[in-house]
Every structure is written in C-alpha cells, then in structure tokens.
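Trainee: With chain A held as given, fit chain B onto it using these hints.
2 protein chains.
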Amino acid sequence: MANKAPDIAAVKDYLMDLQDRICLGLEGIAESDRFEEDTWSHDSGGGGRTRVLAGDGVIEKGGVNFSHVMGDKLPAAATQMRPELAGKSFQAMGVSLVIHPRNPYVPTSHANVRLLVAGMETEDPVWWFGGGFDMTPYYGFEEDARHWHKTAVAACRPLGEDAYPRYKKWCDDYFFLKHRNEQRGIGGIFFDDLNEPDFDTSFAFMQSVGDHYLPAFLPILKRRQGLKHGKVERDWQLYRRGRYVEFNLVIDRGTLFGLQSGGRTESILMSLPPLASWKYCFTPEPGSEEERLLSEFLVVREWL
Amino acid sequence: MANKAPDIAAVKDYLMDLQDRICLGLEGIAESDRFEEDTWSHDSGGGGRTRVLAGDGVIEKGGVNFSHVMGDKLPAAATQMRPELAGKSFQAMGVSLVIHPRNPYVPTSHANVRLLVAGMETEDPVWWFGGGFDMTPYYGFEEDARHWHKTAVAACRPLGEDAYPRYKKWCDDYFFLKHRNEQRGIGGIFFDDLNEPDFDTSFAFMQSVGDHYLPAFLPILKRRQGLKHGKVERDWQLYRRGRYVEFNLVIDRGTLFGLQSGGRTESILMSLPPLASWKYCFTPEPGSEEERLLSEFLVVREWL
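One line per chain: the protein sequences are A and B, in this order.
Under this note's numbering, the first residue of the first sequence carries the number 270, and numbering increases by one thereafter.
Under this note's numbering, the first residue of the second sequence carries the number 270, and numbering increases by one thereafter.
Not one of these hints is a red herring.
Pairs count within a copy or across copies, as identical chains cannot be separated in the list.
Okay, derived cross-link-like pairs now, DSS-like style, lysine-lysine, Cα gap no bigger than 30 Å in a straight line:
1. Lys-357 - Lys-342
2. Lys-548 - Lys-500
3. Lys-438 - Lys-281
4. Lys-281 - Lys-548
5. Lys-548 - Lys-447
6. Lys-548 - Lys-497
The hints are simulated quantities; they were obtained by calculation from the structure and are not laboratory data.
Chain A with its partners taken away, still in its complex shape (with noise of 0.2 Å):
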C-alpha cells in the first residue's frame, strides 16, 4: 500500500476539468448537441454534476457525469476484491460518461476515470483508481476500431508498455456478456485496483486515460455521422443496444455499485440507451455487415 496521503483535492480539480472538455469537445460536432446540467447532492454527502444531451443532432442521447459520493459502509459491489473493506467509510469521485450517437455507423462509446478512497478516518486510508474506456459498434469498420484502440495504447504509455495489453485483456474479461456469450464491443482498456507504484504515478496514468478518450473517439464521429442509412440498419442499431442494456444492468460492477449504494438512479441510468429492442431468436443474414459485426468484431481480437 502506498504511504503518501491521496491528494483528493487535486483529483477533484481534474475530473471536473475533464467533464467540461468532454462535453465541450463533444458540442463542437452538431450545433444542435447541447449539454443541460443538474447538479444534485448525496444523502450521506458529497454530490455531482450530471450533463446530458437528448435531442435531434448527432448524439441521440449522452451523458457525462461528475460525482463525488460518500458513504459510511462500503457496499459490497466495490470490495469484491478487497473483503477485508467492507463496511468501511468511503469516497467515490469520478466522471462516467456513455454517449448513444443516432447514426447506426457511428459506435456507442463509453469512458469512466475513478478514485476510490476507504476508511479516511483512518492512519492508513486505502485508495486505488479504476476506469478505461470502450467501443460497442453497430457496423464493423476496421480503421476505427484499430484508431480506437492505437489511442488506448497511447494512453497506457505513462505506464510502461505491458500496460496496454494488460488493461486491454482485462476489458474484454470484463465487458463480456456470459450469458449470450458475446463480447459487448470491440473493447479498449479497462483497469481497476491501481495503486502502485505510488498515487502521483497511478493519479498521471488516470489522467492520461481520461485526457485519450476525446481523441479516441471525435475521428470516428465525425467520419460516420454523416453516413446514409435506412430502417435496416437503425433496427439493427435498437436491437444491438438491447445487448448494452443488458450488459449495463445485469453485469456492469459500476452500475451495481450506484444502485447498492442508493446512489442517484437516474444518473447511474443515463447510461441506458434512449430506444432499444428485442426480439426474439433474431439471427441476421449470412454474409451480411450485419452477421460480420458479430463474426468479425464482437470477438477478442489483437487490432494493432
């Protein structure tokens, strides 16, 4: 465990920076894409800034949150990897954020920096980051997917090189649908329990992985808004975002840990799609873009 005290007050600082770039960056597509905010405040203290997007421009619906949650016991969704904190005080501060373009071509995208702080009271707190980002197309394109993920390991860089495959082994691991037995995307990086070698290292490779997600994700955006489509393909969209749904309320740790810690629902669910479908056994055409997306990306892969 490290011996430096974790300057909360610095990661604060950063993560709200980082939701104002975010949607800033994210209103420079489409005119019409503008962020409303709430602010709200926590029972057991602490608060945040939720900043969502529904309307009729590129973005279908988004959300970028800032929280900073506090608690007296810490539910059991965040120490499963850590029992011996259970029922410990603690912090939660980080930006989430999931973004539902309306144009099929265009990747849903999602991105979370976190720290996490137990037992403050304490001589010896406990803290350690989490976050990463990922992709979850509707149609296959290979240059996006090998973009998305040469930016994941420019992010990992202030890490060392092992970092890159480790976290992009452990968001597959992670955003896997067990009981479709499919991959929820094409993945991108995910990491959890980081504190070594110290806070300031760990603190800078959290920045790095929240400063990467704009440039991971605005190329592609751009590229594939504006791409024609018909009911096809946005059936295909409605559909496959059931799959997000599922994955989001069955499996996700993130959303568990909001909903146990009677977090704010309605910014843990902003996450959820604005339309989704299902249907029944639905299977698509073989040889289709739609039966590639499956085949061909929704698998682990190396894409570098």
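Mentor: For chain B alone, kept in the frame of chain A given last:
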C-alpha cells in the same frame, strides 16, 4: 416437510396443457396473433417448449413458455430461503408468460406457475410450488384493476380465506423497484416455497392460479385493445416499458435463477418488451393521465 412423493408427471401434464390453453385463448382475440413454437433441450437434461408471438396484431410481443430443466447444483438465486439446499440436484418445471400488447391502454401481464424439486435421489426429496400473476398498466382504469384482483381472490379460494391477502402483499413486496421507489404495476398475487399442507393441496392451488390467468386478463385485453391513442400514449408506454426491463434484469429472482443456472437465454429474456425507451429525469405533467398512473395505480392499494 411433506411425506408423499411428489407426482412430477401429473404436474408436467397440467403445465403443458395450461400452455396450450393460454396460447389458444390469446390467439382468439385477433386473427393475425399466432404463436410460433420452438422446442429445445437443456445441456444438463430436460428442455422446453417456447411459444412466441410477434406480429402486427393486438399483441406486440408475447411469450408463453413451458420448461422442465434439471441440474446437478441448485443455483444461489433459488436457495435464498433454503440455504441448506445449495448445491443439491434439482428439477424445475413451470409455465411462464409475459404479454406486451401494442395498445398503450392495455396493460402488460405476467403469469408464472412452477414446481421445484431438490434432492430427488434422496429418500426425502424437497419440493415446493411457486407462481402468481401480476399486471402492469400504462394507463389506469379502476374497473380493470378491480376485475384483476377479484379474479385473484377467486384463484386463491382453494387455499382458504387468508391466501389472497397474504399473496397480494407478497406480490406488492416483490414487484417493487427499490432504486425507483415504485411499484412495477398494480400487483396481483405471488407465492413461493409453498409445500403446505400437502402436495395435493399445493398442486391444486397452483392449478387454480394457472387457470385464472385467462379469465383475469382476457376481458381487459378485449375492452381496451381498440381504444384510440397517439404518439403521447405510445411514448409513455415505451418509457414505462423501460421500468419493466429494469425490474426483470436487476431484481427478478426468476430471471437471475434462469441466467445463473445456465438456462436458455432467449427463452428467459423473452419477457423483455419489443421496444423500450429511457429518458433522463422524465416526469409527466401534473394532473395528466400519465401522472395519475403513478400516483393512484403504481402504489400499494386495496382494490376490492
């Protein structure tokens, strides 16, 4: 515990016949509403008969499933109330159905009857029945709610006068979205772990519940399915269906049991609506019919 060996074959016969009768009854409303059947077998033994309807008729999506699955190890979701049975061999059989009508004035309805037997290889197998039916309206009609609950009272008669209030309360307690502080619908009846006073009485009660689903739902479906509606009502229905998804994926023990026990995902998630939406912090207009649903119907209330 009961001392008569459970007559599994008789229960199975009843359940398969019930599935036939319910499908036939629902198909009687509109000529275009026709169920399609899928039979499947389960890796660890048993299988099922899934019947799904998804067309242009009165029912937008509906599923009426029979399944009979066996397993070596009873999954956690089934043993919360009987931890001593964790890991025992089991058989589960049941009929489970969800009907999502197209017209927003018709409620979604759900019914389920089931038998679980654990430790069949031992001298003293443990068995219990469970089930019930509940209704989730998008617009409130007191007449419908009263009819639904009156039929529930009739269904409970074989078990005595106190069965309805007991199982009505259980239903209200169960179909509750804690993270929304909302009832899922207007309730109905819900029972589980029933093995008293004996197998025959419990089985007779389960049959009564199964037999009363159609008389409870068909009159409501018939009288509301032709009501005129527009985009406002449709949007509200899609939005409220989002809550249905949240309940089934986050809370429902049956769904978790199915997914944990390696059940057939397409049959389990057949309960999800054909189309659902999520909007950030959406609140209906004060005084509207939509607001009246929340304040007067989706609350714990005595209907008789």
